[in-house]
Amino acid sequence: MKTLFSIISMICLSVVTLQIQAQKAVLKGTVTAHQSKEALIGVNVVANKNNGTTTNLDGEFKLRLDPGEYSISFSFIGYSEKTRQVDLEAGKTKTLNTSLKEKAQEMSTVVVTGSKYEKDLAEETVSMEVLKPDFIENSNATSMDEALEKVSGVSMMGEQISIRGGSGYQAGSGSRVLMLLDGLPLLRPDNGIIMWKSLPLENIQQVEVIKGASSALYGSSAMNGIINVRTANPSNEPYRKIVLYGGLYGNPPVENAKWWDRRPIFGGTRLAYRQRFNHFDVVLGGSYQYDKGYLQNSKTNFGRFNFKTRYRPPTVEGLTIGLNGNFSLDQGEYFFVWQDTGRKMYLPRTGGRYMNMPLSIDPHITYFDNKNYKHSFKGRFYRTHTINSSDDTSTSRLYYGSYNFHRKLKQLDINLTTGVEGYYSTINADQFGTHNGRNAAGFFQLDKTFFDRLNLTFGTRFEYFSIDSTGTNHSLPLLSDALGADIELPVKPVARFGANYEIAKATNIRASYGQAYRFPSIGEKYVETQRSGLRVAPNPDLKPETAWSAEIGINQGLKLSGWKGHVDFAGFVTEYSNMIEFQLKGDAGLYFQSVNIRDARISGVEISTMGQGSLFGFPTNIMFGYTYLYPIDLNDTSSTDNKSHILKYRTQHSAKADIETTINIVTLGAIVKYKSFMHNIDETLNLIKGVDDFRKMHDDGSIVIDIRIGLDVIQDAKISFITKNLFNELYTLRPAYIEAPRNYTVQLAYEF
3 MKTLFSIISM ICLSVVTLQI QAQKAVLKGT VTAHQSKEAL IGVNVVANKN NGTTTNLDGE
63 FKLRLDPGEY SISFSFIGYS EKTRQVDLEA GKTKTLNTSL KEKAQEMSTV VVTGSKYEKD
123 LAEETVSMEV LKPDFIENSN ATSMDEALEK VSGVSMMGEQ ISIRGGSGYQ AGSGSRVLML
183 LDGLPLLRPD NGIIMWKSLP LENIQQVEVI KGASSALYGS SAMNGIINVR TANPSNEPYR
243 KIVLYGGLYG NPPVENAKWW DRRPIFGGTR LAYRQRFNHF DVVLGGSYQY DKGYLQNSKT
303 NFGRFNFKTR YRPPTVEGLT IGLNGNFSLD QGEYFFVWQD TGRKMYLPRT GGRYMNMPLS
363 IDPHITYFDN KNYKHSFKGR FYRTHTINSS DDTSTSRLYY GSYNFHRKLK QLDINLTTGV
423 EGYYSTINAD QFGTHNGRNA AGFFQLDKTF FDRLNLTFGT RFEYFSIDST GTNHSLPLLS
483 DALGADIELP VKPVARFGAN YEIAKATNIR ASYGQAYRFP SIGEKYVETQ RSGLRVAPNP
543 DLKPETAWSA EIGINQGLKL SGWKGHVDFA GFVTEYSNMI EFQLKGDAGL YFQSVNIRDA
603 RISGVEISTM GQGSLFGFPT NIMFGYTYLY PIDLNDTSST DNKSHILKYR TQHSAKADIE
663 TTINIVTLGA IVKYKSFMHN IDETLNLIKG VDDFRKMHDD GSIVIDIRIG LDVIQDAKIS
723 FITKNLFNEL YTLRPAYIEA PRNYTVQLAY EF
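Numbering (the working numbering) for the sequence shown: 3 to 754.
These aren't lab readings, by the way, just hints derived from the structure by calculation.
Just so you know, not all the hints are guaranteed correct.
To be verified - In silico EDC-like pairs for lysine to aspartate or glutamate, Cα to Cα no more than 20 Å straight-line:
1) Lys-294 <-> Glu-148
2) Lys-566 <-> Asp-660
3) Lys-376 <-> Asp-184
4) Lys-152 <-> Glu-741
5) Lys-677 <-> Asp-701
6) Lys-677 <-> Asp-702
Unchecked claim - For each label pair, taking beta carbons as the anchor points, the in silico distance ranges come out as:
7) Gly-248 <-> Asp-415: 35 to 43 Å
8) Leu-636 <-> Gly-435: 53 to 61 Å
9) Gln-333 <-> Glu-741: 18 to 26 Å
10) Leu-485 <-> Thr-436: 33 to 41 Å
Only a predicted model underlies this, so the values are computations on that prediction, with no experimental measurement involved.
Beta carbons: idealized from backbone N, C-alpha and C, even for Gly.
Turn these sequences into a full structure, and let the hints steer you where they fit.
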C-alpha cells in the first residue's frame, strides 16, 4: 500500500512539474564578437537585472523565465555592454543572437594571467603588459626572447631573461621568470631555463608579461615575474598564413674584423592553420629557420611543429577535452666568449656543437557544471634531450598535473580561484649525474569588487619541493620560541595582496605586495661542465632564495584628438634573502658557480605608454617605456666599481620605443632601444682578454635603431624590408660577447 501511494505521489509531482515547466518560456542564443565573428565565452547574460547566466564554450546561453517582457543585458570584459528587449510567451522558445563591439574609449585589453580568469588589464593590481602578434611579426622577431625585448623593464642577457633587474648573468642555469605556455609551466626540468625557440610564434593570440613576484599563484620560478604565451583559438572561418624571410649580415664596424669571404645569410619560414569544425577545433603550426651566424662557429638550424585540439562533446554540455603538443629540433654551434677585442671579437675562444630536442604533450579538460562553476584539468609531459660535442648527454622528463576551480560568488561579488598542482621529474645527465625532483602545491585567491570601483585581491600558496633527499624546510621562529622547541613545516607559504581603485573614468591606481620563494634548479646545484675553457662548478649546498616585492602605480586611459591608449607609471621595490647569483671565481682557476649572496634590494620606477591614433592624417601605433633601477647588493664588494654596491650585470637606465604609421599601402616603422653602461661585473671576468679594454672604450651605454618598410602588394599579402642595427652600433649585452652588426631582412607574409 505504501509503495502504491509513493508511485501515485511521484506521478502527481511529475505532472505538476511538467505543468509548471510548460508555463515557462525559454530564451536562448549565441553571442559573438562583432568584428571577428568568434564566439565569446563567459559573457554575462542578465534578464531584468536579477536572473542571469553566462555563455558556454560555444558562446551559447539559455534562460528559463516566466512569460512577459524582459530587458536582456549582455556584458563582457573589454566589450561595450548591449541591452535588448524581448517578449516571451509561455511554453515557447525564443532565439536571440547578438554581437558585442570592442570598447573604443581606450585600448581595452583582456588578460588572464594575473588572476587565472579573464579580467580587464586596467583593473589588474600588478604591472602587466601585453604583446600582440602584429608587433612581433612586423619586426621579424624569430624567437620569443627577441620579441620580448620590446617590453619596458624586460632585458635579455644571452638566453637569460630579467624583469626589472631581477636576474643578472646566469649562463644557462635557473630562471626567476616563469615561462607559461597556455597557462602551463615550460622550464627545462634539469637546469630550469627557457627554451625560447620552441615557443610557437606562428600561433600566438597575445603574450602577457607580469612584472613582480607572482609565486602565490604560480609557484617557485615566478619570483621575478611571468611570461604567459597564449596561443590563438580558431573560428568558423579557416585561417591560413605563411611567412617567408631571408637576409644577410653586413660588415662589422671594426676594421679587419670580418672573418668571412661571403656575407653570412639567414632565413626561414613559419606556417599556421586554424579552423573550427562544428564541435572540433584544430590549430597547426610549423617553423624552420637557419642562420650562418655573424660570429665564427655559430651557425644554427632549427625546426618546430605544434598542434592544438579541442573537442566539445554534443552530449555533455559544458565539457571540452583536447590534446596539445609541441616538438622542435635545434642544432648548431655555440659561441660563449670571444678571443679578444678588435678583429678577434667575432672569433670564439673555443667552440662546440649542440643538439636540443624538446617535446611537450599536454592533455586538457575543461568543464562548466550546471552552476557554471569552471573546473580545469591540465597535464604536461615535457621531455628534453641534449647532446653536446664534448659527448655530454642530458635527458630530462617532467610529469606535471594541475586542477583549477573558478567560481564567481554573485551575491558577494567575489571571484574564487583555487587549485592544486604538482610534478615529478627525472634527470640523467653526464654533467651532473642522475637526480629526481618533486613538487606539490595548493593555492587559492579571492578577488572582491566594492562599489564597482575598488578591486581587492588576496591569495596564498603552500608549496613543497625536493631534489633527491633534500626538501622544503620552513621554520616558524615565533611559534618555536613560544613552545621552546624547533617547529618546522615541510611546505613554504607565500602570500600576495593587491588593490586597484578607479578614481575617475579610465583612471586606475593600484598597489600590491607579494612574497616569493625559489628552490634552486638541479643544474644550479649539481652541474659541472666546460664552456670556452671556463669551468662551471657545482654547489650542492645552495639554499633556496626568498623575496618580497611591493608596488604602487597608476594607469591612465586616454582618448584625445583621435588618439586612444593608456599611460602607466609604477614605483617598485624588491628585497631578496639568500639571493642566488652566478659568479665567476678565480681562486683555483677561472670557474663559474651559483652562490647565495645573502641580501639584495632592487628599487626603481617605470613609465610606459601605448596608443593608436592619427599622425598627420595617417593611422599610427606607438609604444614607449622607460625603466630606472637601483639594484643594491647589500653584502658583496668584489666588483669592478667599489664606489657603489650596484648588483652585477645590471643596467640602471633603459628605454624602448616603437612607432609605426601607415600611408596608403606603405607601412613605416622604427624601434629604438637604449641601455646604460653596465657598471658592475665580476672582477675576475677582466682576466678574459679584451673585456676591460672594451668596457673602458664603451662606457656610455648603447643606442640601437631598427627600421622597417612594409608594402601591401595585394590583398592579404605584405612584403617588408627590415634593417636592424641601422647605424652599425658596436655593443655588448654581456661581457665578452659582441652583438650583431647591421643586418638586412626581406619578409613576405601571406594570409589565405
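Taking the hints in turn, this is what the structure says about them:
no.	hint	verdict
1	Lys-294 <-> Glu-148	holds, 18 Å
2	Lys-566 <-> Asp-660	holds, 16 Å
3	Lys-376 <-> Asp-184	holds, 17 Å
4	Lys-152 <-> Glu-741	holds, 17 Å
5	Lys-677 <-> Asp-701	holds, 11 Å
6	Lys-677 <-> Asp-702	holds, 9 Å
7	Gly-248 <-> Asp-415: 35 to 43 Å	violated, 55 Å
8	Leu-636 <-> Gly-435: 53 to 61 Å	violated, 34 Å
9	Gln-333 <-> Glu-741: 18 to 26 Å	holds, 23 Å
10	Leu-485 <-> Thr-436: 33 to 41 Å	holds, 40 Å
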